Structures are given as C-alpha cells and as structure tokens.
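Engineer: These are the residues of each chain, in order.
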Amino acid sequence: MSHDSHHKKENFIQKYIFSVDHKIIGLQYGITSLLFLLFGFSLMLIMRWQLAYPETPVPLIGSLLGETGILLPEIYNSLGAMHGTIMIFLGVVPLAVGAFGNYIVPLQIGAPDMAFPKLNAASYWSFFVGGVIMLASFFTPEGAARSGWTSYPPLSIFESGQTIWLLGMVFLITSSLLGSINFIVTIVQLRAPGLSWFRLPFFVWAQFVTSFLLVLAFPPLEAAAVLQLMDRVAGTSFFLPSGLVYAGSVVDVSGSGSPLLWQHLFWFLAHPEVYVLILPAMGIVGEILANNTRKPLWGYKSMVYAAVFLGFMSFIVWAHHMFLTGMGTTMSAFFQTTTMIISIPSVVILTAFFISLWGGSIRFNTPMLFALSFLPMFGIGGLTGLPLGIGASDIHLHDTYYVIGHFHYVVAPGTIFALFAGIYYWFPKVTGRKMSEALGKLHFWPSLVFMNGIFMPMFIQGLAGVSRRLYDGGQIYAHAQGVLEWNEFMSISAFCLAAAQIPFILNVLMSLFNGQKVDRNPWGATTVEWSAPSPPLPHVNFEEPLEIYRGPYEYSVPGENKDFLPQTVK
Amino acid sequence: MQVPYVVDERPDTGLINSKLAIWIFLASEVMLFGGLFSAYVFLRMAAPEGDFAYWGSKLSIPMATINTLVLITSSVTVVLSWASLKLKDFEKYKLYMGLTLLCASIFLVIKYFEYTGKFHHEIYPSSSTFMGIYFTLTGLHGLHIIGGMIVMGYMWLPMGSKLWDTDPDHFTNRVETAGLYWHFVDLVWIFLFPILYLL
Chain A
-9 MSHDSHHKKE NFIQKYIFSV DHKIIGLQYG ITSLLFLLFG FSLMLIMRWQ LAYPETPVPL
51 IGSLLGETGI LLPEIYNSLG AMHGTIMIFL GVVPLAVGAF GNYIVPLQIG APDMAFPKLN
111 AASYWSFFVG GVIMLASFFT PEGAARSGWT SYPPLSIFES GQTIWLLGMV FLITSSLLGS
171 INFIVTIVQL RAPGLSWFRL PFFVWAQFVT SFLLVLAFPP LEAAAVLQLM DRVAGTSFFL
231 PSGLVYAGSV VDVSGSGSPL LWQHLFWFLA HPEVYVLILP AMGIVGEILA NNTRKPLWGY
291 KSMVYAAVFL GFMSFIVWAH HMFLTGMGTT MSAFFQTTTM IISIPSVVIL TAFFISLWGG
351 SIRFNTPMLF ALSFLPMFGI GGLTGLPLGI GASDIHLHDT YYVIGHFHYV VAPGTIFALF
411 AGIYYWFPKV TGRKMSEALG KLHFWPSLVF MNGIFMPMFI QGLAGVSRRL YDGGQIYAHA
471 QGVLEWNEFM SISAFCLAAA QIPFILNVLM SLFNGQKVDR NPWGATTVEW SAPSPPLPHV
531 NFEEPLEIYR GPYEYSVPGE NKDFLPQTVK
Chain B
124 MQVPYVVDER PDTGLINSKL AIWIFLASEV MLFGGLFSAY VFLRMAAPEG DFAYWGSKLS
184 IPMATINTLV LITSSVTVVL SWASLKLKDF EKYKLYMGLT LLCASIFLVI KYFEYTGKFH
244 HEIYPSSSTF MGIYFTLTGL HGLHIIGGMI VMGYMWLPMG SKLWDTDPDH FTNRVETAGL
304 YWHFVDLVWI FLFPILYLL
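Line by line, the protein sequences give chains A and B. Numbering of the first sequence is given in the working numbering, commencing with residue -9 and proceeding in unit increments. Numbering of the second sequence is given in the working numbering, commencing with residue 124 and proceeding in unit increments.
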C-alpha cells in the first residue's frame, strides 16, 4: 500500500527483536525452538551414554557432571524430566505452532498480519521467559525438576526443582494461550475475500483445530499447576492422601487429598497435547504431498471433518493413560471405547494421504522425502498405540519402553520429520533461496535409518517388560537380561542421529547466503503464500489486495496449460 | 495496511476481532475455573464425611453476601458505563466506570478482612483441604479482579481514555470487551459463593 507512508524506518531492535511482524515473530519462534530441540536432544544423548555403558564416565562433558564424570541417578532423573519438557513445550509445539503457524497461516489466508500483532509478540516473549526459567533451573541450588515431564505427585511434591518448573510452565501456558486465541481470531476474521472455509489449505485447518485444543486443554493444567504450587509452597495437601509415609515418617499435612486428581487434570491437557503435536505436522505433510504429487489431496473434505472430530474426541480419551491406577473397570471401559473411536479419524487422514499418492507424478525432492517418510513412521507410532489403548494389553505394556517407542515414533520420526519437511519446503519463501538438495538427502537418509535404530528396539525391550525411567537400563532385572544388548545399539544409533543433523545445520547456514536464488513460486504451488514475494513484504505481505477464486489444491486440472492453478489467479 | 475489523464488523462473521478474542479467552477461563471446580468436587468426595461443611462453617456468610451484592452492582455499573459511551456521554462514562472501580476495591478490601480474620485465628491454606481450595479459588478470583481493575483503571484514567477523542468507536469496543470479562469474573463469584460459603 503506497499511501501507507507513515511507516517509520525501524532500527535493528525494533525490526528483529521487539518486532510485531508475524514473519519475524515466526522466525524468532523457529530459531529459539530449533535451539531448544538441539538442547533437549543433547540431554538425551547423555542419558543414552549411561544406558549403554552404565556408570562409566561420560566422554567430553563428563567433567561437568561431577568429579567422577559418571552420570548420577538424580541428574539422570533431571535430564529425563527436562528432556520431555523441553522437547514438547519448548521444542516441537513452538516450532509447529509458533513458528510455522505464525509464518505461514497469515500468508495462506492472504492476511497482512495476525489479528493482534502486539499480542503475538507478547506470546513469543512469554515463551522466551518460560524457556529461560526452564534452562536456569539447571543452575539453581535445587537443580532442575526430576519428577518426569508428567510431574506425578506425591513424588513431585517432595522432589527438589519442581517449584521453578511450575513457574516456567505458567509462562509457557500463558504463551500458548495468547498465541492460540490470536490464531483463531486471525483465521476466522482475516481470510481474504473469496477464501471460504472449504477453500482453506489443510494446514490452516490443522492449525485452527490445534488452537482450539490449546485454548481449552491448557487451562486445566494451569489449574493443576496452581494446586501443585500450593502443595509445595503453602503446605496444602490437594494431592497428598492422609497418612502418607515419605522417607520413613508420616508426612505432616492435613491430608485427604488425592494423587489421582493430578493425573486427571494433567492428562486432560496432555492427551489433547498429543494432537497439538501431530495435527500441524499432518497439515505440513498435506501441503507437501499435494504439491509434489501434482494432484489434489484425496478426500480433502473428509480430512477436514476428521481433523475437527479428532480435536473433539481428544478431550474424552485422557484416562487411557490411567488404566493401572485402579480407577475402576467402568471408567476403563469408557475410555478404552473412546480411544478406539479416536483412532478412526487419524486413520482417515493417513489413508487419504496414502491414496493421494496413487497415480501422482511424484517429485522426490527433500521436503517430499521427509513428508513421505512421515506416513509409515506415524503409521507405526499410531498402530502401536492401539494395544496401549486397550485396558487388558496395557496392563503388560504400561510404563515400559514399549510406550516410549510408541510415542517417539509419533513425535520424532513423525512430527519432527514433518517439521523438517516444512523447513525445506518453505525455506525459499522465507529467504528467496532454496536449500541444497544434496545436503538435504544426506540429512534425510541417515536420519531415517537411525531414528528407526533408536526406537524400533524399544518395542522389543518393552514387550520383554523392561520399565521406562530406569537409571541402569534394566541391568538388575532378570527379565531384562535377554534384551539388554539393544541398549548399546540404540545409543550408537542416537549418536549417529546427532551426527546426521550436521548436514542440516550446514545446509541452513550455507543456503542462507549461497543457496540457489529462486522466484516467488519455485515449487509450482497453488496456495496463497506463493503469491507473495520471497520474503513477503514487511507488515503487509502482499503487494496488492488479494481475491481468492478457487480451492487450495487445483493441480493438473484437465485442459489447463500449466499443471497448477494458484488460488489467486482468476 | 492496517489489520481490518478492529472497529467495524466483518460482514460474513458479524464480529469484530476483539469480541471474538474475548469470548475465546473466556472459554479458556471457563476451562481454568472448570478444572478447579472439578477439583473441588473430587476433593469433597474424597474428604471425610462432614469435613468440608465443618470448615465451611468458619467462613463469614454476611461478608460474602455483601461482596456478592458489591460485585453485582459493579456488573450493572460497567454496563452503564458502556451504554453511556454509546449515548456519547463521556462524563457519565467516567462516573460509572469510577463506580465500577470503587466496587472492585470494596470487594478486595472486604476480602482482605476475611483473609486476615482467618489468619488471626490461625487458619491457613494448610489447615484443611477445604481451606486450601478456599484460598486457592478465592485467591485466583481475586487476581482476576485485580487484572480487571488494571485494565479498567487504564481506560478510566486519561492515558487510556484519550482514545475517545480520536477513535470513539474503538474506545467503546474496548470498554465492551473489558465489560464482558468483568461479567465473567462476577459470574465466577456467583458460583464460588454457594459452593464455598453455603454448601
């Protein structure tokens, strides 16, 4: 808008630090969360050393862990708790929602910015403060939280480090609350003229449902966090039963609380959170599949309905995490039934993705490889969840490495692969340059192999009954002896996976300056973001007001000259 | 380009951005207090017979009744302040918004005396599960009152209300949005009063 000349020249701090431009905020989220992902992954590498070679000094960084260089049990617990917390709340969700959502959603709906730009910045800075608090907790006298990312009481009431964890969570919850309100309003209100609901790209739908999950599921966790904070600070006993014995003596509290209450409130958030992790990933995969098969997504409408139904159902499955708490068979039967039902929409979406491949002229570029590998990897993750959702089989599998393998298949080679796909796919939009295909493939293939090298043996160990969260990886248990040798295999795979990320880091840094320069639509894509310049204009995105004339995936329309029809072309 | 639909409604949704946002925010608040109310039910069922009623009888019903009336009054005055803006009567707005803030302050002062009265009798959150949930729920509600007072105080003072001179419709929308929040805070108290004091 040329008449809009009141834009003052911004200095560096206004432009890159305290920016209210959704693109800068998206990049802030992206860079921060990628660093957190790397950090959370490194914590796991230390733990994997201990599991493979118990009680031997950790190489390289051993001196940081104490005089002997051996990872101590309490630090092992801290690393485990913080690995989960960081990967979920500071890594994957901010990257999937904060970064991709912020950068792509306003572009895909043809909006100049998010509905509330200042709120958007507030959301990022609240996230940042929460992240700093979580990091700082490692250096406090109490140390970082060590009660697992689930923070089950009574343990979490007594263990050190938990108070600062709760404080950090308050900031992170506030951040996603502000962010998701902003997303919902943006998607409802700022769609370009002609962009009706069923012309929205699947990615926007995925973010829309995700935002509702965040808005409605996080507050009960905030409630639970307040109650736990009261238990720790004000001496209440919401989660402590009467006559609880801790460290050899009866705990001096008024009693009559219930540890189960925490589990209910926690999983009421944390199950929808699973779909917060997976839905944006599905959205990214949908965009890339349609683009690289050069045909419309098969069953777009049923995918949208499935995503909405998935969001709704995710609120009534939480207690399938609690089959072993003795909450009763009636409750178990109910939650087992809803859990079986919620698998249906996931299968609908995954099936639609598979059928979308049928008859396509597939381009195997790096984003497509990551998106394609999402399908079987998420498939394995999803299908291995079924035995956990059935009360009877869960009795054997609960709290074993099988569970770890299951949800890591969903999140690591599932969601994180989709996020990598998104980075490779939208990098030209953000920078005007393509990432290197050769380095991309050098990143993809080893990552795929080593991901499976880490997580597939977990199923074997879990089926043999090896519990999760064991400091020695199960050495003292007779039933674990037959599967112990896998520990070293998994750890070596993890170290190799770390090495496999080096091409990615190099690729990002080198492509920023030396990547092949491309025009605004290098992939021949149809959705609206590709009509904007690369990078899109500060604060307004598009050169002129847009109108939308068609659905999101009009590829290979019979009778047309080109094999794609952008949504903005009449 | 400015973000559209700040002042005027989007034709097909019939909404301005801030009104949609505040309703979604209130939905999340419902879930927050819903979680705590569920915790109350859960804990009450788990508590020994009569325990909640016994500790509940230590609370002061007259003080809470006055507070209920004070908050309901403030809900009325906040609507009147918004209506005054619709009638383009800025002085009336100042009056009614001031009364709303006064009611909020009275509420907090009464709450302060209730709290200190309990502490004086050595009743703390740790005394029983009921007192724990009482202090948690009313404390969180009190924080919501303070949050509302900060926002409404800003719009009452010249630095916030000067928007009236440049963009009266925008300012009226802000007051309406804050008013919706204030009604919600009032409504939470309407639930807190019976479950804590009367049951």
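It cannot be assumed that every hint is accurate.
Claimed, not checked - In silico lysine-lysine, DSS-like type, Cα no more than 30 Å apart, as pairs:
| no. | chain 1 | residue 1 | chain 2 | residue 2 |
| --- | --- | --- | --- | --- |
| 1 | A | K108 | A | K291 |
| 2 | B | K285 | B | K211 |
| 3 | A | K108 | B | K209 |
| 4 | A | K507 | A | K431 |
| 5 | A | K507 | A | K424 |
| 6 | A | K507 | A | K552 |
| 7 | A | K5 | B | K285 |
| 8 | B | K217 | A | K108 |
| 9 | A | K108 | B | K211 |
| 10 | A | K108 | A | K5 |
| 11 | B | K285 | B | K217 |
| 12 | A | K431 | A | K560 |
| 13 | B | K285 | A | K108 |
| 14 | A | K560 | A | K5 |
| 15 | B | K234 | B | K181 |
| 16 | A | K552 | A | K5 |
| 17 | B | K142 | A | K108 |
| 18 | A | K291 | A | K552 |
As the list claims (entries may be wrong) - To be clear about the criterion: a stretch of chain B counts as covered by chain A if any three or more of its residues have a C-beta under 8 Å from a C-beta of chain A, and this derived list gives those stretches:
| no. | segment |
| --- | --- |
| 19 | 155 to 162 |
| 20 | 296 to 310 |
It is worth saying that the hints were derived from the structure and are not from the lab. Since this is a predicted model, take the numbers as computed values, not measurements. We put the CB at the ideal spot given by N, CA and C, even for glycine.
Engineer: Output the numbers, in ascending order, of every earlier hint that fails for this structure.
Structural biologist: 1, 12, 14, 16, 20
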